[in-house]
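Residue numbering for the sequence shown follows our numbering, beginning at 6 and increasing consecutively.
Do not rely on the hints blindly, as some may be mistaken.
[Stated by the list, open to error] Calculated lysine-lysine pairs in the DSS-like style (CA-CA distance at most 25 Å, straight line):
(1) LYS7 with LYS86
(2) LYS287 with LYS525
(3) LYS233 with LYS361
(4) LYS144 with LYS164
(5) LYS492 with LYS431
(6) LYS334 with LYS209
(7) LYS386 with LYS314
(8) LYS314 with LYS262
(9) LYS300 with LYS334
(10) LYS361 with LYS333
(11) LYS233 with LYS453
(12) LYS254 with LYS144
(13) LYS386 with LYS453
No lab work stands behind these hints, which were simulated from the structure alone. Remember, predicted model here, so these are calculated numbers, not experimental data.
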Amino acid sequence: MKIALVAVLGGDLVRSAEHVGLGYIAACLREYDHEVCIIELTGSDAHENGDVLLKQNFDMVGFTTTCVNMKLILDTAGFIKEHDQSIITVCGGHMATFSGGEILEKYGQIDYIINGEGEITFTELVRCIDHNESPAVVKGIIYRDNHRVKATEDRELIKDLDVLPYPARDQFDQNRGSMQYIRISTSRGCLGNCGFCSAFVGRKQKGAVWRGRSPQNVVDELEYIVNKYNFHTFDFIDSTFEDPGDIGKRRIREIAKEILNRNLDVYYNCCFRAENWCEDDKETLELLVQSGLEKINIGFESGNDRGLKILNKRAALQDNFAALNILKKYQDIYITFGFIMLHPYSEWEDIFDNAKFLYNTGIGQVIRHYFWQLEVYPGTKMENRLIHDKLLKTEYRFEDGMYRYNFANPELEVLSDIGKEMLAVKSVWDFEIFDIIIHTFITRHRRKYNQHPILEEIESFQELVDRQRKQIAAFNYEFVMNLYSSKSLKNIDKEKERLDSFILENMRTIQKEQYALGLKMKRQGLQLINR
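Kindly produce the complete structure, drawing on both the sequences and the hints.
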């Protein structure tokens, strides 16, 4: 069977490096000699997307679904079915898992839903269709039987992740020049229970919530990619790298040791939960840094305990401070973080506490955090709470995205409008990426030339960047507090221009010094590291 596995790119997905779930399914299907293509659709027009797929004469098209791309997927599938009813359409992913029955009831252009993990389920569904067997024998799907929507028995979660083939890297092959990192899944599941997060999707299936690959298996894949592609930068996409507890910490230490034992020159990013890290973890963090850890994403989410409780975080505010205090001791770790400035239950006190947290902790240089508001995903505790409190607006899932809710305090609606306006400023997003790139430039060259006289120049550049970040953070705090205190969109265009000008000016200042340092290094015959 000729099968397309499709990533419809839009919203956050545009910035994604790879869709590893599709890669795993493709690898499993290829073990049974199916012809599989992983296709990125970047257009916003369903007709254009549909034409791309129709021209290649696929027997089956599988879409990975999110809140961002669901509407476009439905329109694209509808266009396909209008022109060729014989093409089988399948949806998997978060939206499909939580809304699969609703999708099949309302949208005839979708034939099958994959519930939860798709590697085994998708492969069995294809085999079933190939042999003209009833789909009722396949666990973990939703399908139609004489126009009636039926769901089969849930499939158990995959117990041993080591048995899976490495995911296909078609997207890397297609976009090698623009890929900043390769994604690696070292585990599945999360022991956190955040009320807003979609990571708990695995809890719908039977089996252990968290499962991890063995350190040997993880590093085998890293080594395979380094040798095959001569590529050294990785993003570990686990919801929480250090789960579960002491066992998890031991596992990630073994991964780090295995990287060092094999002398692999790699860099990697990963995600942490704040309550899992404190001063006792110094040895673990040092080992991770030695093995190539250079960026972490940690879920702070709020600057006060009330916000953390509403978001159902396991962490308390003191956990956020404790984690931040130890992480900031490692100059080579760049700290990114989840932060929800505004949510449906916010009060003015929460807004001020959040702003103070960003500024007082010295992590407020990325102004996006001041404007980010809660996204509500289907199936989450937050969605259920909003429904109970009659704050969730109707007809929102597939048509209008993730912000269709009212605020318990209507006064804060204007802050949502202000935030959306500011997030439309391109430089807000550009600086966030730029700040990471500058950090990477410094840390990788410091790591490579730590015994060379140029190190003094690198450290001097680091000091300049630190000064600029402090200046930017101070501006951000004052700018946002004045903007929010105004409770008005009256001068929003002027404020957007002022913010844009400030960001670009500071980026130019840093870029100028970075360029000068690069010239000095080249004149000394030193190699510049790009990735």
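Hints and how they fare:
| no. | hint | result |
| --- | --- | --- |
| 1 | LYS7 with LYS86 | holds, 17 Å |
| 2 | LYS287 with LYS525 | violated, 35 Å |
| 3 | LYS233 with LYS361 | violated, 47 Å |
| 4 | LYS144 with LYS164 | holds, 16 Å |
| 5 | LYS492 with LYS431 | holds, 23 Å |
| 6 | LYS334 with LYS209 | violated, 39 Å |
| 7 | LYS386 with LYS314 | holds, 12 Å |
| 8 | LYS314 with LYS262 | violated, 37 Å |
| 9 | LYS300 with LYS334 | holds, 13 Å |
| 10 | LYS361 with LYS333 | holds, 18 Å |
| 11 | LYS233 with LYS453 | holds, 23 Å |
| 12 | LYS254 with LYS144 | violated, 34 Å |
| 13 | LYS386 with LYS453 | violated, 46 Å |
In summary, the numbered hints that this structure violates are 2, 3, 6, 8, 12 and 13.
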